[in-house]
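K.L.:
Taken in order, these protein sequences are the chains called A and B. Under my numbering, the residue at position 34 of the first sequence is numbered 34, and the numbers go up by one with no gaps. Positions in the second sequence are counted from 1; adding 268 to them yields my numbering.
It should be emphasised that the hints constitute simulated quantities derived from the structure, not laboratory data. Computed from a predicted model, the values in this text were never measured in an experiment. Be careful, since some hints might not be right.
Unchecked claim - DSSO-like cross-link-like pairs, simulated, lysine-lysine; straight-line CA separation at most 27 angstroms:
| hint | chain 1 | residue 1 | chain 2 | residue 2 |
| --- | --- | --- | --- | --- |
| 1 | A | LYS130 | A | LYS89 |
| 2 | A | LYS89 | A | LYS121 |
| 3 | A | LYS263 | B | LYS533 |
| 4 | B | LYS533 | B | LYS490 |
| 5 | B | LYS490 | A | LYS263 |
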Amino acid sequence: MNGTPAADPAPAGRLGICGLTVCFGSRQVVSIDELRLDHGEILGLAGESGSGKSMTTLAILGLAHTVGASVSGSITLDGVELTGLPQDKLRAIRGRRIAAIFQSPSTAFNPVYRVGSIVTKALRLHGATKSEAPDRAAEAMRQVLLPPDLMRRYPSQLSGGQLQRVAIALAIALRAEILLADEPTSALDVTVQAEVLDLLRDLRESIGMSILFISHDLAVVAELCDRVAVMRQGLIVEQGPASDVLSAPADPYTAELLESVPKLASQS
Amino acid sequence: MTTEGHLEKTKSFAPDSRKTLRDHVTDDASAEPGAMEPAPLLRVTDLTVQFGPVRAVDGVSLDVAAGPFGLGLVGESGSGKSTIGRAIVRLVRSSGGSITFAGQDVGSLRGAALKGYRRNTQIVFQDPDNSLDPRMTIGATIAEVLRAHQVVPRNAITERVEALLTETGLDADFAQRYPHQLSGGQRQRVAIARALCVQPLLLVLDEPTSALDVRTQANILKLIARLRTERALSYLLITHNFGVVSELCEQTAVLYLGRIAEIGKTEVLLRAAAHPYTVALRSAVPEVDVAARRSRIVLPGDPPDAANPPSGCVFHPRCPLAVARCRTEVPVLREAGPGHLVACHRAEDVLAGAPMPTHSGRSLS
Chain A
1 MNGTPAADPA PAGRLGICGL TVCFGSRQVV SIDELRLDHG EILGLAGESG
51 SGKSMTTLAI LGLAHTVGAS VSGSITLDGV ELTGLPQDKL RAIRGRRIAA
101 IFQSPSTAFN PVYRVGSIVT KALRLHGATK SEAPDRAAEA MRQVLLPPDL
151 MRRYPSQLSG GQLQRVAIAL AIALRAEILL ADEPTSALDV TVQAEVLDLL
201 RDLRESIGMS ILFISHDLAV VAELCDRVAV MRQGLIVEQG PASDVLSAPA
251 DPYTAELLES VPKLASQS
Chain B
269 MTTEGHLEKT KSFAPDSRKT LRDHVTDDAS AEPGAMEPAP LLRVTDLTVQ
319 FGPVRAVDGV SLDVAAGPFG LGLVGESGSG KSTIGRAIVR LVRSSGGSIT
369 FAGQDVGSLR GAALKGYRRN TQIVFQDPDN SLDPRMTIGA TIAEVLRAHQ
419 VVPRNAITER VEALLTETGL DADFAQRYPH QLSGGQRQRV AIARALCVQP
469 LLLVLDEPTS ALDVRTQANI LKLIARLRTE RALSYLLITH NFGVVSELCE
519 QTAVLYLGRI AEIGKTEVLL RAAAHPYTVA LRSAVPEVDV AARRSRIVLP
569 GDPPDAANPP SGCVFHPRCP LAVARCRTEV PVLREAGPGH LVACHRAEDV
619 LAGAPMPTHS GRSLS
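Throw the hints in and build the complete structure from the sequences for me.
P.N.:
The structure is reproduced here in structure tokens:
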């Protein structure tokens, strides 16, 4: 299940990053020479807090300026340059073509709106008609295995796992081609985490979604990802097929991260 | 500074009743829950905690041996594991059952006796951001507790604060810093130092690493392992991750909807669990090693509403092995092996390796 991605007629490198730097003033927090996400691929971006993985996500979304960072270099979506695009053009891409889910689903939703109205509103903003939006929302909820009656509830009435699935449903409803998943399971129970991982895996299989999966936990990366890039202090120290990198890490930092994963099998 | 050094000092300064408490408890680290044995350090019997219509904890019995000893409480959100920890340190009131510490009933403690108990049992919370006062320096935070409990003479407080910081792997000059100047892992070390400063016999560690990166988690777990030996600590380690208890806890109790599903030696639960929920929880832990990875057991649905628990076995709506009996008859905890109790009608089948559905690329439709 974690082998190489299936051969695909679509062009390689849906999302391409080249010579990307993200700076706060004179301080450079991300410097990536090259990173690409292929069609239907799950790429793990692993590293600790402060390694620059979330800033990379914000840069891809064209949102780095909102936290005061400046971005240079190239980020392409199917060959189209994203950096320097005006915000209205980016807004049409964000959500619609590149969706994102974050670590804490409870802060990702406006607490005063019902879940259903949040999903339908996003669909309407991206061009769904008034009549089709609710149907598409309901269909997406079904795809993430949530009962449709959850649509009438408020975010606070849902569990963390349910909210994360709603966030994924939103990406499905908008038919996003690329999903940036920034620590989407770090705040969840292991059982719920396992469900969300299954769901992401299924999305790749069923609709060929490309996923950039960001995590500090190499065990989770090992479970899910085809390839992995390990980040440290803004740099990618190592990247390659997940099975290679995780079984024989070339960089001592990767080895250290691997060593940190609690070992279950040690006693069995 | 050595640990022995300042332990010695404490005793000479405050010769309290705790030496006799240590003598009272036996060194039997393999105490079996429910068995007739010399009293453990902490005994929880038939504990019930009710919040309005919700029974957060429903008839839980546990023993914690004198240190060094670790008991893991494992379960999902809502399983009641944190409530048990809070009831033990008297942060929530129990509605039924009893908690005894070194033979003393904890529920009836008042005033000075309760304060004495709080010196013996301390708690470390999941999120050190919320458990440290942002307006107090680290030194002031720890000194406050040293003063309140008169652990050392006033003129020795600074020295003791620095010793505690060093013991938990921080530089002594952290005493001058504020919580926001520290990383999450460093803050958690401070929370542990604060808990240790009263020389407790028992620590309740409530998800102490869940908010941390794996590498920081590994370091905090190493710290707990070291303190366990150096201070002969007993602790309850509350977590949703089996990986965290596997190296630190002799015994583990698996909780589901406020009840014990299974309890026994951690190593036995990992190797030969008798409850389908334990098997599922264990299989949900991600593993790097492809060869060690087990196929994950699918538990359909979410944990049920605790205000309206299912009939019979509370786990039956999600259990892959449920039969008619499970819907009507509540399973009682019964022996599955030496020191190994399980509440499941089908424990024999689980032990015999009854197949359970695993995830295999379920397609979305």
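K.L.:
For every hint, state whether the structure bears it out.
P.N.:
So, going through the hints one by one against the coordinates:
no.	hint	verdict
1	A:LYS130 - A:LYS89	23 angstroms, holds
2	A:LYS89 - A:LYS121	19 angstroms, holds
3	A:LYS263 - B:LYS533	17 angstroms, holds
4	B:LYS533 - B:LYS490	21 angstroms, holds
5	B:LYS490 - A:LYS263	13 angstroms, holds
Checked against the numbered hints above, the structure violates none of them.
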